[in-house]
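K.L.:
Build out the structure end to end from the sequences listed, making use of the hints.
Residue numbering for the sequence shown is 1 to 213, as defined by the working numbering.
Hints listed in this document are in silico derivations from the structure and should not be mistaken for laboratory results.
One thing to keep in mind: the hints can contain errors.
What the hints assert, rightly or not - In the EDC-like style, the derived pairs of lysine to aspartate or glutamate whose C-alpha atoms are separated by at most 16 Å in a straight line are: (1) LYS56 / ASP32; (2) LYS150 / GLU179; (3) LYS150 / ASP136; (4) LYS171 / GLU204; (5) LYS150 / ASP135; (6) LYS56 / GLU83; (7) LYS56 / GLU204; (8) LYS56 / ASP35; (9) LYS171 / ASP135.
Unchecked claim - Label pairs and their computed distance ranges (CB to CB): (10) VAL177 / SER96: 26 to 34 Å; (11) GLN133 / LEU92: 32 to 40 Å; (12) LEU87 / ARG34: 28 to 36 Å; (13) THR81 / ALA106: 28 to 36 Å; (14) ARG78 / PHE109: 15 to 23 Å; (15) VAL79 / ARG209: 30 to 38 Å; (16) GLN133 / PHE109: 34 to 42 Å; (17) GLU134 / PRO107: 25 to 33 Å; (18) GLY58 / GLU134: 38 to 46 Å; (19) SER175 / ASN198: 16 to 24 Å.
Ideal Cβ positions, reconstructed from N, Cα and C, are used throughout, including at glycine.
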Amino acid sequence: MNPPPSGAGFSCHGTTADGPHFPSDGGYHMLDPRDCILYSGGATGTEAHFGGIAEKYGLEEVNYSFEGHQIERTRGVRVLTSEELALKDVSLTYVSRLMNRQYTRAPLFRKVLQSICWQVSCGHEVWVVGSIQEDDTVTGGTGWGAEFAKICNKPLYVFDQTRNGWYMWDKSAWSPVSEPRIGHRHFTATGTRFLEDNGRAAIEALFARSFNV
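P.N.:
As structure tokens, then:
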């Protein structure tokens with residue numbers, strides 16, 4: 001993947017400070033939900049369902065939003081200022097070319113993309129629900145979250161509702177993965193507003209596998 005153009009306003013961090021929780025014997029230690037933070041956007045569908053399950057399990061929740069943006073979740077809302085949004089400014093021309101699709105140039109949509117950048121930057125691992133397309137991008141506006149995670153070299157998982165399975169981005173291609181688990185205390189979740197029953201079930205099973213409650 002080509003890097004973003006110079007001056008595009010991209011900033012990636014949070015890739016190494018919180019390593020995955022795998023013991024030396026190769027096993028897996030379930031996470032304590034009280035130590036974990038979900039970074040998301042609180043929108044209807046995937047984000048709201050992730051947030052609701054996170055609250056049920058006792059995780060902290062940070063939902064990035066901005067003035068005039070309607071979201072479903074009310075817990076842990078962090079309203080970004082215009083200055084903060086500008087720190088994650090994106091070139092819509094670059095995003096459209098990267099995603100192989102045309103996006104509206106409305107200011108509201110630019111702010112949505114900027115807020116998604118905040119979500120991805122703060123998590124050490126990114127979880128998305130949607131559908132993977134033939135060009136390896138993910139459908140919808142939140143598909144930008146998956147592409148930005150690739151740019152930031154963050155662990156990226158997508159539950160493809162059409163194929164009814166989880167996939168992991170392996171540097172240059174999607175690989176199917178069976179029963180993945182959240183491996184970082186600080187993680188990001190985004191995805192389609194049109195969450196189907198299998199998507200809901202996948203999120204719920206993901207939490208059940210990952211957290212010690």
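K.L.:
Now, for every hint given, state plainly whether the structure supports it.
P.N.:
Cross-check of the supplied hints:
no.	hint	result
1	LYS56 / ASP32	holds, 13 Å
2	LYS150 / GLU179	violated, 21 Å
3	LYS150 / ASP136	holds, 11 Å
4	LYS171 / GLU204	violated, 27 Å
5	LYS150 / ASP135	holds, 14 Å
6	LYS56 / GLU83	violated, 33 Å
7	LYS56 / GLU204	holds, 11 Å
8	LYS56 / ASP35	holds, 14 Å
9	LYS171 / ASP135	holds, 14 Å
10	VAL177 / SER96: 26 to 34 Å	holds, 29 Å
11	GLN133 / LEU92: 32 to 40 Å	violated, 19 Å
12	LEU87 / ARG34: 28 to 36 Å	holds, 30 Å
13	THR81 / ALA106: 28 to 36 Å	violated, 20 Å
14	ARG78 / PHE109: 15 to 23 Å	holds, 20 Å
15	VAL79 / ARG209: 30 to 38 Å	holds, 33 Å
16	GLN133 / PHE109: 34 to 42 Å	violated, 19 Å
17	GLU134 / PRO107: 25 to 33 Å	holds, 31 Å
18	GLY58 / GLU134: 38 to 46 Å	holds, 40 Å
19	SER175 / ASN198: 16 to 24 Å	holds, 20 Å
Hint check: violations occur at hints 2, 4, 6, 11, 13, 16; the rest are consistent with the structure.
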